[in-house]
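Asker: Here are the chains, one letter per residue:
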Amino acid sequence: MELVILILRIYTIFEIAILLIYTLRHFVFTFNRIFGEQRLYYQDIVDSDLDKVTILVPMHNEELVARDVMTQLTTVVDYPRDKFEVIPINDHSSDGTREILDGFAAKYPFIKPLHRDEGGRGKPHGLNDAMDLATGDIIIVFDADYIPSKGIVRDIAICFKDQQVGAVMGRVIPKNTGTNMLTRLLDMERSGGYQVDQQARHNMRMVPQYGGTVGGFRKDVALWLGGFNPYLLTEDTELTFLLFLRGWKVVYANKAECYEESPEDWGVRSRQISRWSRGHNQVMMKSMIPLFRTKHLNFKEKVDGLLLLLIYSIPLIMIIGIPVSLLLFFLGQMNLIDMFLIFILVAAYNSFGNFAPFYQIGTASYIDGVGDRLKLLPLFFFGFLFNVLYISQGAASGMLDVILKRNPEWAKTTRFRKKE
Amino acid sequence: MLIVLVIFIFALMVFIPFGIALKELYYPKDDKPLYIDMMHSKDPLYFGKAFKKIVKENIENKIIIHGTQRIRLSKDEVVEVGGARNVPADSKWENIFYITEDFTTGNRTILRKDIYVKGGSVIGPNNVLRAIYGEQDIYLNEKCRVTRWISSEQDMFVSSGSHLGRSTASLQSLMLMPGVQFESMYGLPIMTMDSSGKGKTECLKLAAQLKNFIYPPRIPVRKVTSWRIVKQHISVNCEDGNRFRDEDDKSPLASKATDGDKKCFCEKAGFAPCNDNIWEVYKDRVVLPEGSRVQTNFVSRKELIIKKNCVVEGNVKSYKDLIIESGTIIHGDVFCEGDIYIRKNTVLGGNVFSQSRIFVGNNVRISFPGHVKSVIGKKRIEIDKNSVIYGYILAEGKGLTPW
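Each protein sequence line maps, in turn, to chains F and Y. Numbering-wise (this note's numbering), the first sequence opens with residue 1 and increments by one. Numbering-wise (this note's numbering), the second sequence opens with residue 1 and increments by one.
Calculated from the structure, these hints are not laboratory results. Careful, some of the hints might be misleading.
[As the list claims (entries may be wrong)] Keeping only pairs whose Cα atoms sit at most 16 angstroms apart, straight-line, the calculated EDC-like set for lysine to aspartate or glutamate is:
#1 Y:Lys-23 with F:Asp-372
#2 Y:Lys-378 with F:Glu-37
#3 Y:Lys-378 with Y:Glu-183
Throw the hints in and build the complete structure from the sequences for me.
Answerer: See the structure below:
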């Protein structure tokens, strides 16, 4: 019994320590965005010698959105046409996606659709096949529901002028913000994630994350790394860590903004976030030890990399912590440290710590210059509970995938755009 | 009773934030997506082009008689339309000018609105102007102050002591005298001159001399598939204590280092070849010895000094300060987290980017004719005399040509 109590106590202290570290992390990032020195991004570079770029747009049954993204890429995006090609990847579609892509290809010679009717399905498979065909030095990926702006390709491609940059991540902004409570919360969550979290990590020369869309990477480097593992659900997180572990850098481009369509349905969102968590934890299991061992990262980068790897495990740690603390309470073993100190710590944490992520979201909204939507912040309490549940589920699956050597199936996020 | 009151207050405090949130959710005031300018694209000539477009649409394409009148541009504006115009000294003007011939101003004139000139423009000394677009040359006399932007389709001359606004652009040569402050500039090329007090003819003569520079053959940098870290290493105390000395200072840079202390060390990164171990790596800096030739891309985590007359056929990145000594040629891009010091008579073929400051010495060439490159410094850029840059300069902090 004593051993059990000891284990429970150690776990509780571990959980408290982890939560405090992440609280601190949220505050550091938030304060960096408000008061810290902001690092100059590369979009101001003007250069007549641009690299050749290949745009990849993975699609599976995307007839609702395919025309929009292709129209933007053919008529709006501003990049020298002799250094620009678009490979929309029609991945086993059974709707009208093929016809839409062939229509664009007939009109624009730089559109070269890749129709995949055989072989494995999923984004990593598609990207690997498309990279074999791509003639560009830089690969830029947009999901099919994205709406690229005029200058975004140049803004992403230009930062590969820094020879150490292996990948670039732009900023995603939801287009369907006003649809319902979920989309409104996701809009603010996205703001916090990009405007504060990613930008602060970029400012502090830590580990910004390549997010797999509205971003790019060097083709030769990705091929040299072996392409994308089709059995990992977050090929973007894997690429981020593979690059950092080999000394390449990922930079965040806050000005390279692109509209996306966020999930409008809690069921779709639960599957999406669970998939992200599962994939992220697969990468965590594979990258944790190499992260400690690499010589290419300094201490600060390693700490940030570790916290980034662990981020989708935290809800699971918290969920496990609930029965653990209940058990300790009913066993009368909660007196881990002096009660007065506990009171101070609990009061302090409830005043600041609990709300650290909300401060981050609030700060992002403030920087973005929005007003009344900040009133929605209390509703993140419900979003938090939802996220904890589904992220934990995904985290457990991801860890088991690696331990049991399972190969999960890739799943596409449902689109909500109305048919014209 | 007290308990009921406390519970009531507690419940109120808990639910008020949710009530406010639900009100915004069901009666939204702020539910539009964040704004993205879908037509934004980086263009150093943006201000001039945008103004020209407005002028074309609202003045040139309509029959407008000469004289002062109210015309709808982006909003209702008072516009003086006319031929050749000489604005008298010590006067203030609150209207837009649309001038079809030459435009000149006297001393200490204040022009608070934008000016469009189809002919040449000569702006008098000590003028304050908001913005000017010239289809021909623009000559800015001493100590002029531009508050917004200045753009020319032909040559532009900026005299000493002038303060350029947010953006300065010339489709041809942009000639700067000493003591000019700037934020962003575009010119093909941008030239800094030692010609204080000299007129336009003298400036043109000097510009021609600067343009006649014989560039070394341009070597395209190989595709970036890898780079090398000149590795952090070593064990010595190099007490030079005078890192940013003038290049004419002959004292040895690593006076305390012995041969045994020096060690060259390159690390294989990616699939880079690693065969030219010519670096001198010290505790706090890396040195590329005088006259070296390097054909790879490389990265230094400590201060990097590229000594005299080196040739680098690759890109360079330094996490600390970077000193490029005289006579060196770098064909690739230069990125630096610290300060960049570019000594006299160097030629850089690529972009120069610093998260800190950039100091460009005398008679430096950046970018080759026919190419456009950028010099971008977060905190400060100083460009000494007789330097020529084809392309774009941006100083987020302060930019100037020193006296």
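Asker: Next, verify each hint and record whether it holds.
Answerer: Hint by hint, here is what the structure shows:
1. The straight-line distance between the Cα atoms of Lys-23 of chain Y and Asp-372 of chain F is roughly 10 angstroms, inside the 16 angstroms bound, and the hint therefore holds.
2. Distance check on the hinted pair: Lys-378 of chain Y and Glu-37 of chain F sit about 11 angstroms apart at the alpha-carbon level, within 16 angstroms; holds.
3. For the suggested pair Lys-378 of chain Y and Glu-183 of chain Y, the alpha carbons sit about 11 angstroms apart, so the restraint of at most 16 angstroms is met.
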